[in-house]
Each structure stands twice: as structure tokens, then as C-alpha cells.
Amino acid sequence: MSLYSVARQTIRKPFFKPAFPAISRAMHIQSIPMWEGSGNNYAYLVVDDSSKDAVIIDPANPSEVLPVLKKQVDSGAINLKNIINTHHHHDHAGGNVEMLKTYPLPIIGGKDCTKVTKTPAHGETFNVGSIKVKALHTPCHTQDSICYLFEDGEDKAVFTGDTLFIGGCGRFFEGTAEEMHKALNKTLAALPDETKVYPGHEYTKGNVKFGIQVLQSEPVKKLEAFANANKQTQGKFTIGDEKLHNVFMRLDDPTVQKATGKTSPVEVMAALREMKNNS
0 MSLYSVARQT
10 IRKPFFKPAF
20 PAISRAMHIQ
30 SIPMWEGSGN
40 NYAYLVVDDS
50 SKDAVIIDPA
60 NPSEVLPVLK
70 KQVDSGAINL
80 KNIINTHHHH
90 DHAGGNVEML
100 KTYPLPIIGG
110 KDCTKVTKTP
120 AHGETFNVGS
130 IKVKALHTPC
140 HTQDSICYLF
150 EDGEDKAVFT
160 GDTLFIGGCG
170 RFFEGTAEEM
180 HKALNKTLAA
190 LPDETKVYPG
200 HEYTKGNVKF
210 GIQVLQSEPV
220 KKLEAFANAN
230 KQTQGKFTIG
240 DEKLHNVFMR
250 LDDPTVQKAT
260 GKTSPVEVMA
270 ALREMKNNS
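For what it's worth, numbering that gives the first Met the number 0 labels the leading residue of the sequence shown as 0, then goes sequentially.
In case anyone wonders, no lab produced these hints; they're calculated from the structure. Just so we're clear, the structure is a prediction, and the values are computed from it rather than from any experiment. Check before you lean on any hint, since a few could be wrong.
Said to hold, decoys possible - What follows is a set of in silico ranges between Cβ atoms, one per label pair, in the way DEER data are often shown:
| # | residue 1 | residue 2 | range |
| --- | --- | --- | --- |
| 1 | Ser49 | Asn229 | 28 to 34 angstroms |
| 2 | Lys131 | Ser278 | 36 to 42 angstroms |
| 3 | Ala25 | Thr254 | 38 to 44 angstroms |
| 4 | Glu97 | Ser263 | 42 to 48 angstroms |
| 5 | Asn276 | Ser49 | 42 to 48 angstroms |
| 6 | Glu123 | His27 | 20 to 26 angstroms |
| 7 | Ala224 | His121 | 33 to 39 angstroms |
Unchecked claim - No more than 30 angstroms apart at the CA atoms, straight line, and that leaves these computed lysine-lysine pairs for BS3-like:
| # | residue 1 | residue 2 |
| --- | --- | --- |
| 8 | Lys221 | Lys195 |
| 9 | Lys275 | Lys235 |
| 10 | Lys208 | Lys242 |
| 11 | Lys185 | Lys70 |
| 12 | Lys185 | Lys204 |
| 13 | Lys195 | Lys131 |
| 14 | Lys133 | Lys242 |
| 15 | Lys204 | Lys221 |
| 16 | Lys185 | Lys100 |
| 17 | Lys110 | Lys131 |
| 18 | Lys242 | Lys155 |
| 19 | Lys230 | Lys208 |
| 20 | Lys261 | Lys230 |
| 21 | Lys155 | Lys117 |
We put the CB at the ideal spot given by N, CA and C, even for glycine.
Just need the whole structure built from these sequences, with the hints factored in.
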């Protein structure tokens, strides 16, 4: 559920009792903060509670990640199956070699990630227990950037690395404004609005500080208030929310266009990124 909406529900008593039990789904996501106060990265442990199968996403700093994993692996709480990388930068894939010393597992990630064993094609799916995972290629920040959509019934989460942040996006280190526009406003924007967003860094305060200079809308103000009141924002907002409060996903907004002096989506994206870089 979005923080900006409350669903209205009409409760009715059933006419009959179902002859079969409801399917219990349980995708559990544990955030592991790394380098707090500097990089403010996140690694994510995703577990299918029914099978105990699990993956670890972007475990870049093993000294902070391994103690969390070891406790759960050793107790039998999880069956760790894969390491997943969103892109090759050291603060996301730089822990792979050290991780393999303890957990010699296949690594799923972009082609330039250290020790990668499998690079899924765009749209390719695989499973973590009963959880369906879809790889979404989003080149720009790096050319090997991949976002991962995890689906467990109606429960959906997307792990976006440095492509999409809450209220912002990554720098165009290896790509263009056109590529980032496609990544955010075509590929990720096409996901269901209720999909929760789990980015690679906690950058929300800085992002909204810039965003509110461009767009003083109610959603942006609400994001600012939430960021000021909460240390962590990962998983608290959805793709639908990002379409409302993320200026990089509002390229057709007249106010955003006025702030950039541009009207075409790609030119607006390029201008916004330059403004953010210099802010």
C-alpha cells in the first residue's frame, strides 16, 4: 500500500466456507545497512519463508554482511542459494571474492561484475523458492545495470541498485539521458504501481532537497517530511509513489519542464541530472 493512499474495503461475510485453505505466501526482505555515514549502502537478504531458500543482493561489505548471514545459515533458518549483483561498481559487487570464501555460490549479475557466473537476459526469470524473479536491464549508471523484480503473489518488490533511488536516480556514468529515461519511465514505470522500491543507497534526504527546488507539489512535500522523520526509506515507497514525487519520473510535468527550460523528455532528463550534479 502506498503511503499516499488508504484502500477502502467493504467487508462481507462469505456465503460458504472455502473447501481449501488460503495460500500462504511469505517473501521476507531484510535490509543490511553498510558504510553508514559514508556510502550509506544497502545489501538485501530475500528469503522465501516457505522453502527457506534465500539470496543476498549486493553484499559489498562482507564484514557487515557475513555475521547476519552466518547466524541464519548456521541455525538452518535459511538456505542461501545465490549472490545477486545489480551492477559492477565496487560498492555493490566488490565483496564477491570475499563472500565466495565463505559461501561458494553462483553469482547472478551484469556481465562486468566480479566472478559473475550468470547474466540473465532482459526479461528472463528465475525462482527463489516460490518467489518469481525477473531481470530488467536498465543500462545508464553502468551498462551492466540490472534491476530485479521479485514477485510472491500480490507481494512485489524491485531492487534497483543505483538506477532508481527514492526521489532520485543514479548518475549517468556509462550512459545517456535517453537511457535513463528509458530505464525509469519505460522499464520501471511499467511495473505495477504497488511494487515496493528497494534502492542501493539511502540518498532520500539529498534527493528530496533537490526535488523540492524543482517541484513543490504535495507528494514531494510528504516525501520531504518522511525523510526528515525517518532514517531509512527503503521499501517504504512504491513505483506509484515515485511517479508522483520523483522529478526524474515526471518529465512531462509543466513545472519540471519550466524549471529545466526544456520540453522533450530526454532533454528534461539531461537538464535535471546536470542540475542535481551541481546542487
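How the hints compare with the structure:
Between Ser49 and Asn229 the C-beta distance comes to about 30 angstroms, which sits within the given range of 28 to 34 angstroms. Here the CB-CB span from Lys131 to Ser278 is close to 39 angstroms, well matched to the stated 36 to 42 angstroms. Roughly 42 angstroms separates the CB atoms of Ala25 and Thr254, a value that falls within the hinted 38 to 44 angstroms. The hinted window of 42 to 48 angstroms between Glu97 and Ser263 holds, with their beta carbons roughly 45 angstroms apart.
At about 45 angstroms, the CB distance of Asn276 to Ser49 agrees with the hint of 42 to 48 angstroms. The hint said 20 to 26 angstroms for the Cβ distance between Glu123 and His27, and at roughly 24 angstroms that hint holds. Restraint check, Ala224 to His121: a C-beta distance of roughly 37 angstroms satisfies the suggested window 33 to 39 angstroms. Simply put, Lys221 and Lys195 have alpha-carbon atoms about 17 angstroms apart, close enough for the 30 angstroms limit, and the pair holds.
Proximity of Lys275 to Lys235 is assessed by CA-CA distance (about 23 angstroms); at most 30 angstroms being required, the pair is judged to hold. Restraint check for Lys208 and Lys242: the C-alpha separation of about 17 angstroms stays at or below 30 angstroms, so the hint holds. For the suggested pair Lys185 and Lys70, the alpha carbons sit about 40 angstroms apart, so the restraint of at most 30 angstroms is broken. Simply put, Lys185 and Lys204 have alpha-carbon atoms about 25 angstroms apart, close enough for the 30 angstroms limit, and the pair holds.
Distance check on the hinted pair: Lys195 and Lys131 sit about 15 angstroms apart at the alpha-carbon level, within 30 angstroms; holds. With a CA separation close to 21 angstroms, the supplied pair Lys133 and Lys242 stays within the 30 angstroms bound. A distance of roughly 12 angstroms separates the Cα atoms of Lys204 and Lys221; the hinted pair therefore holds under the 30 angstroms criterion. Taking the CA atoms of Lys185 and Lys100, the gap is near 39 angstroms; set against the 30 angstroms cutoff, the hint is violated.
Note on Lys110 and Lys131: the hinted pairing holds, with a Cα-Cα distance of about 22 angstroms set against a maximum of 30 angstroms. Between Lys242 and Lys155 the CA atoms are separated by roughly 17 angstroms; this keeps the pair inside 30 angstroms, and the hint holds. Distance hint between Lys230 and Lys208 is fulfilled; the C-alpha atoms sit about 15 angstroms from each other, no more than 30 angstroms. Proximity of Lys261 to Lys230 is assessed by CA-CA distance (about 34 angstroms); at most 30 angstroms being required, the pair is judged violated.
Of the pairs offered as hints, the one joining Lys155 and Lys117 holds, with about 23 angstroms between alpha carbons and a cut-off of 30 angstroms not exceeded.
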